[in-house]
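Model the placement of chains B, C and D on the given structure of chain A, informed by the hints.
Chains as they are written, first to last, in the numbering used here: chain A, 2 to 335; chain B, 2 to 335; chain C, 2 to 335; chain D, 2 to 335.
There's no promise every hint is true.
[Unchecked claim] Listed below are several chain B residues computed to face chain A (Cβ distance under 10 Å; list not exhaustive):
id, residue
1, 189
2, 191
3, 207
Note that these hints are calculated values from the structure, not bench results. Think of the CB as a built atom: it goes at the ideal place given N, C-alpha and C, for glycine as much as any other residue.
Number of protein chains: 4
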Amino acid sequence: MTKLGLIGVGYWGPNIARVLNQSTQCEFSACSDLDEGKLEKILRQYPSVRGFTNANEMLESDIDAVVIATGISTHYELARTALRRGKHVMVEKPIADTSAKAQDLVAEAAKARRLLMTGHTFVYSPPVIKVKELLDSGELGDIFFLSFSRVNLGLYQKDVDVVWDLAVHDISILLYWLGEAPIHAYSFGRACIQQAKNDVAFLWFQFRRGPVASCEVSWISPQKMRRICIVGSKRMVVYDDTDPSEKLKIYDRGVMLRPPATFGEFQLTYRMGDVVSPNLASTEPLLNEVEHFVRCIQTGTTPRTDGKFGLDVVRAIEMAISNRWRPAELITAA
Amino acid sequence: MTKLGLIGVGYWGPNIARVLNQSTQCEFSACSDLDEGKLEKILRQYPSVRGFTNANEMLESDIDAVVIATGISTHYELARTALRRGKHVMVEKPIADTSAKAQDLVAEAAKARRLLMTGHTFVYSPPVIKVKELLDSGELGDIFFLSFSRVNLGLYQKDVDVVWDLAVHDISILLYWLGEAPIHAYSFGRACIQQAKNDVAFLWFQFRRGPVASCEVSWISPQKMRRICIVGSKRMVVYDDTDPSEKLKIYDRGVMLRPPATFGEFQLTYRMGDVVSPNLASTEPLLNEVEHFVRCIQTGTTPRTDGKFGLDVVRAIEMAISNRWRPAELITAA
Amino acid sequence: MTKLGLIGVGYWGPNIARVLNQSTQCEFSACSDLDEGKLEKILRQYPSVRGFTNANEMLESDIDAVVIATGISTHYELARTALRRGKHVMVEKPIADTSAKAQDLVAEAAKARRLLMTGHTFVYSPPVIKVKELLDSGELGDIFFLSFSRVNLGLYQKDVDVVWDLAVHDISILLYWLGEAPIHAYSFGRACIQQAKNDVAFLWFQFRRGPVASCEVSWISPQKMRRICIVGSKRMVVYDDTDPSEKLKIYDRGVMLRPPATFGEFQLTYRMGDVVSPNLASTEPLLNEVEHFVRCIQTGTTPRTDGKFGLDVVRAIEMAISNRWRPAELITAA
Amino acid sequence: MTKLGLIGVGYWGPNIARVLNQSTQCEFSACSDLDEGKLEKILRQYPSVRGFTNANEMLESDIDAVVIATGISTHYELARTALRRGKHVMVEKPIADTSAKAQDLVAEAAKARRLLMTGHTFVYSPPVIKVKELLDSGELGDIFFLSFSRVNLGLYQKDVDVVWDLAVHDISILLYWLGEAPIHAYSFGRACIQQAKNDVAFLWFQFRRGPVASCEVSWISPQKMRRICIVGSKRMVVYDDTDPSEKLKIYDRGVMLRPPATFGEFQLTYRMGDVVSPNLASTEPLLNEVEHFVRCIQTGTTPRTDGKFGLDVVRAIEMAISNRWRPAELITAA
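The following block holds chain A by itself, in its conformation from the complex (with noise of 0.2 Å):
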C-alpha cells in the first residue's frame, strides 16, 4: 500500500492527518513538524505513525509520498527536496509564492518523473464537481459570468494578503470549471487595518471564450459569504456553501433575444422555469483530494489539480495583483 509522510501539523495539517489515518487506499506512515508539542499530539492520536523534527529526514525515509501543510514561503523548498529525493508531492495550497518557484517545481517534478499535486481542496468538494459536471455537459449553455463573494470577519493571515489567503480559493475552482486560465485580471482594494496588507480586494477576469468574472474577498465584512453565482444562457446556479442544505440551486431560467418578425425589432423573452437543488453527496472534499492523489500515484494518472494547475493558478494571482488600480494612468474626474 502507498505509503505517505506529512510535514507540518500546525493549523491545517491535523485534518489532513485524520483522512490519512481514515482513508483505506494508504498507509499515514510518517509525520514531521519542527515542533515537537504539535508532533506529539499527533503521533499519540496515530501511534503507528513514525515522527521526525527534521523533515529532510523524513524524505529519506520509504514512504512513497509526501503532503507538504507548512507555511506558503516553504513550499517550494521542501517540495523541491522531497520530487528530487524521488516522493510524489502534494503541497497545500498556492503551490509556490511566486509563479517562477511554481514553475520551477512543475519542471523537477517533469524530471523526477513524479507526480506534483497541488491541494486545492475545493475541487474535489461535492459542489464544486457537481456544477462542473453541468458545464461539461452543456446544461448550462455558454457561460456569461461568474460573481464570487467570499467574506467574512477575522481570520487575518499573518504571512500573505487577503488575495493570497482567501481568492486562491475562488481562482483554482473557477480554472477548474472553465478548463482555462484567464488572459486578463485585475484587481482593487484596500489595507484597512494593516500597513500594506489588502484585507478586502476585488477581482476581475477575463477569458479567451467569452467568460468574465468577478471575485470579492474579505477579512473585514460583518456577514459570512461563501457564494458564487455562474450565469449561462441555457441555466443558472447559485452555489451557496453557508447553506446547510440547499448549497446548490440550479435555475432553469433566462433571457432569450428573437429576432425581429412582424415587429421590426428584436424581442427580449424572459424564461422562468424550476429551481432545482440537487442531493449532493456528502463525502469530505479533504478525504477525496487525497485519496485522488493517492489514485493518480497508484494508476499514473495526472491530478485534476496537478502543478502546472497550480501554476496557473499562481500567475492568475500575480496577473490580478500586477494591473492593480494606478490612478495616474486612468481617466480622472476634471
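Just chains B, C and D now, kept in the frame of chain A:
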C-alpha cells in the same frame, strides 16, 4: 399652494401622479403626455387635473413647478424649456444622458433662479437616510469600503444599458452618504444578450478621503439582490432591501490593531458585539421626495439631490465607463 | 355577459371591485355600500358601475350575481335575500358565523336553484393548486401529517377572534387538499390582550383516512410566518408564502422501514433526493376566484368552494372551539 | 481536585469525555463501557484515564463523582448504585424512564447526602441562559405564550419515541425559564413509520401563572427547525438555533390596549421598535454543564438541573402522554 405639473405618465409617471395627489403640501394641477390613452387614464383618476398632449403648452400655464418623468433622452430639452419658462424643475434620474447637458441645466437653473432637483428616490428612503445619520454622527467611524449588489433577472431597458439603469441608484446613494464625488472610477462588464449593451457590469470607485466601493449590477442574475455592505472602523452595516422586516442591520463589530507591547509585534483583536436592526419609518420614499421638492420651493432651500448632485452622478457614470477595461493597455498573461 | 354586483367596499371589497373590472369574463355592473364616501370613491374609479347605498335595491336590479364582502355577521341575511331574489351568490369567508346559518344558506341555494360559493381565496392561489395536483397525482404518497403556522404581529380584527380570522384560511386549504372534513378537532389558546378574545391559538385535526394536522395562528408573534409543511410517505412539501421567489419546495425525501432480513429487526433507511421549487403561475388568486365563480355560473358547474365547502369549514372551526382545553376533565399533575 | 468517572462512551459519552478532559476544574479519572472497543478508543485518546468494562467496579474506585451516559432504561439502576456508593451523580436526560423511578432517585440522593444532577445540556447553553436573564429581569414583561419547533428528518431513536427524544429538550428549557412545572399538559401525535412509536407529536402546556406553550417535535420533517418564540407583554424573543450568527433576536414590539377615552371603546396600538441580536458567549454548553456539576460538588450548591428538576421534566412528559387525544371523549362532527 404650490401648483405642480407632471410631464410623462408612462412607466414611472403614474406613481408620481399618485403621490402628487396624495400630498397635502402641493396641488397636482396639470399633466401632459404624448399618448392620449395614458393621459386619459390619469385624468379620470384625478378629475381636477388639467391634461395636455403638448408639454410646452402645459409649461405656459400657471403651474409653479414641473416634474419630468419621460425617457432619458428627452430630459435635457424639457428641463431647459421648463427652467426658461420660470418653472422649478424636478427631473427623473439620471438628470441627463451626458454630463455636458447636465452641466448646462445647472447653469440654466442658476440663470433662471429656479430650483433644479434630480429624482434620486433612494436618497429619500428611510433606510438610506438612517445610514446617512449613522455616518454623520460618527457612529460607524472611518469608512473603509462599501460593496453594492443590485442584480435580478429581467426588466431590460430599451434605451440604456445596465449601468445607466441600475448603477445610477447605487452611485446616488454612495455620493449622498460620503458627501463627495469619486476621484477615480472604473468598470468592467459584458453584453450577454444584446449587441453592445452591457447587461452585467462591475464598477469600482475611489474617494479622496480613503473609502473604496465596488458595485455589481445585472439584469441577468437568477436571484434578486439589493444589498449594500458598509464597513467602518467602528461599526458595520448591511442594508438588504429585499428583507421585508429587517432591512438594516448594524453590527457592533470590528478588528483592531494593538500596538506591540511585550509581544514585539502588532496584535489583531476582534470585537464582536450586538447586532441591531433599527425600526424604520414606513413613509414612502417617493412621497418624501416630492414633498422635499415642494418644501425646497416654498422655503428657498437647496434640495438634497439638486442639479449639481445629479451632475455628479452622471460624471461618476461617465468616468467609470471611460475607464473601461482595455486589455491592450494592461499586463497580460505570458 | 354575466352582470355582477358587489355589496361592501370597505376593507376587502375594493380588491374585488378591481378584479371584477379587470376580468373580461363578466361585467362589473353595480355596487352598494352603506357608506356613501366609500361608494363614491369606487364609482369614480369605475364610472360605468351603478351605485346603491341600499343593498336590497341593488338586489332588485337586473344583475345576475352578487359578491358579498361585508362584515361576517351580515353574511347570512344578505346571502339569503340575494338567493331569494334569484341571484347567484359568492360570500366572503367564512360563509356565516354559525354552521346552522351556513346549513340554511346551502338549503336556500338548492331551493332557489342558484349557485352559492364561498370566497376562500387561498384555494385559488397557484401554490395551493399546485400542491393539490401533487396530492391527487399520488406523487406525495400517503399523507402522514400537515403543520400550519400563520402568525404575525397586528391586524387584530374587531368582530372575530384569531381562529375565525386566520385559521379559517388554513382549514379551507386543509379541506381542499384532503378532500374531506376532519372527524375530530381540538383547540387551545389564550386571550393575551383583550378579554375573552383569543389572539393566539393552536388547533389539531384528525382525518378519517389517517392524516393529522396542527395549526398555529397568532396576531401577537414577532416574526411573520405563512408556512405549511406537508409530509407524505413519498415526498414532502414546504409552502412558505413569505418567500418571494420559492414559495413551494418539494423534497424527494423520506424514511422507510425495511422488513427484517438477516438482521432480525426492522431497519430504517433515509432517502435524500433533490429539492425542486416549481415555477408557479403568477395569476392573482382573487381574479382566479372571481372568474371561477363566473365560469361556474355560465356552465352550471359546482364551484370548488361551494356552500357545502364553506359549511364544512365553519363546522371544523366550531368543532375545534367546542373541544377546547377543559382542564377539569383531564388528568392533571399530582 | 474532584475525580470524575464516566459510564458509557457510545453515542454521546465521547463528547462528555472530551469536556471532562478539557476542563481544568476536575480530573477525568475513570471510564467504563461494556463494549471494549469503544472503551479502548477513549483510553488511547486520554492515556491517564483508568478503564473498566464493569461499571460497578469503577464505582468502587476512589472517584468522587460519576457521569452516566448510557441508554435511558439503565439510568435508574446505575444512578442508584452510584449514590449508594457515595458518589455524586450526573445522569443524562431524561433522568429515568418513569417519574416513580426519578422520584426514588431524588430520595436516594437525599438519603445519601449526595448531589444528583440531570444532564439537561440546553439549560447551560448561552442563548437559553440569556433568555433566562431577560425573563428574570422583567424585560420581557408577563409571558403570554411560547411556541417550540424541533423538527428534522432522521435520527430515529431505538428505545424511545419522539416525545422522550426531542420534547424533553423543550420541556427542560420551558421549566428552567418559567421556574415552575406545568399544571396541565396534553399531546397529539402519530406513528407514521413504525408501529406504536410516535415520530411526530404536538404538545400543549398550561402554567399556573398564565403562560401557555406549544411544542412541535418530529423526526420526519423535510426542513430542520430549532426555533422557539417567546411572547411577553413588553418584548418578544425568537431563538433560532439553526442560525449560525444570530441565534437570538429580541423584538421591542407589542400590542397595547388603551382604555376608552373619547372614543367609547378600547383602542389597540402596536409598538414597533428595534430588533437586537445580542452577542452571545461562545462557550460550549456541555463544558458549562460539567463544570457546573463540579462547582456544585465543590461548593455544596444545588445544581440548576438537580434531581427534582429532572423529575419535573419526566412528570411533564408523562402528563402530556396520559392526556393524549382520546376521540371518544370529545365532541365530534355530526
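Now the hints, each set against the structure:
{"no.": "1", "hint": "189", "in the structure": "holds, 5 Å"}
{"no.": "2", "hint": "191", "in the structure": "holds, 5 Å"}
{"no.": "3", "hint": "207", "in the structure": "holds, 7 Å"}
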